Amino acid sequence: MSSDRLSATFAALADPTRRAILARLASGETSVLKLAEPFDMSLPAVSKHLKVLERAGLIARGREAQWRPCRLEAKPLKGAADWVEQYRRFWEQKFDNLEEYLRELQKQEKRHGRKRT
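Heads up, the sequence shown is in this note's numbering, so the first residue is 35 and it goes up one at a time.
For the record, the hints were derived by calculation from the structure and aren't laboratory data. These figures come from a predicted structure and were not determined experimentally. One or more hints might be untrue.
In the SDA-like style, the derived pairs of lysine to any residue whose C-alpha atoms are separated by at most 20 angstroms in a straight line are [claimed, not checked]: (1) K68 to K109; (2) K82 to E119; (3) K68 to A54; (4) K109 to K128; (5) K85 to L106.
Computed beta-carbon distance windows for the label pairs [stated by the list, open to error]: (6) Q120 to P50: 22 to 32 angstroms; (7) E98 to M75: 49 to 59 angstroms; (8) G113 to R58: 14 to 24 angstroms; (9) R39 to E126: 48 to 58 angstroms.
Every residue, glycine too, gets a C-beta built ideally from N, C-alpha and C.
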């Protein structure tokens with residue numbers, strides 16, 4: 035995944051309304067009107083969010099007569115998840131190192147505590 039595509043994906047995911055739209059689309063394809071129902075905003079405002087998601091490749095919009103179905107596109111999400119995964123492994127290693135350090139401190143405390151009695 036190119037960094038520009040990754041940047042577009044994260045920029046689109048940065049907004050809570052867009053994340054909520056994606057969550058709704060995870061249940062299946064639906065119309066713009068249905069997507070807009072739970073939001074306290076105008077239909078043009080929802081459409082702007084959909085355009086951002088579409089430019090990022092996170093959704094695809096169709097046209098069937100008067101119906102404008104939207105569906106989730108998972109590929110950009112996979113790219114973002116893969117990128118984040120690298121850092122998850124990094125932090126897990128840091129936590130493992132911290133855990134080992136704390137165990138060593140506890141051992142030292144026990145040794146010093148026994149010598150004092």
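Which of the numbered hints above does this structure break? Failing hints, ascending: 1, 2, 4, 7 and 9.
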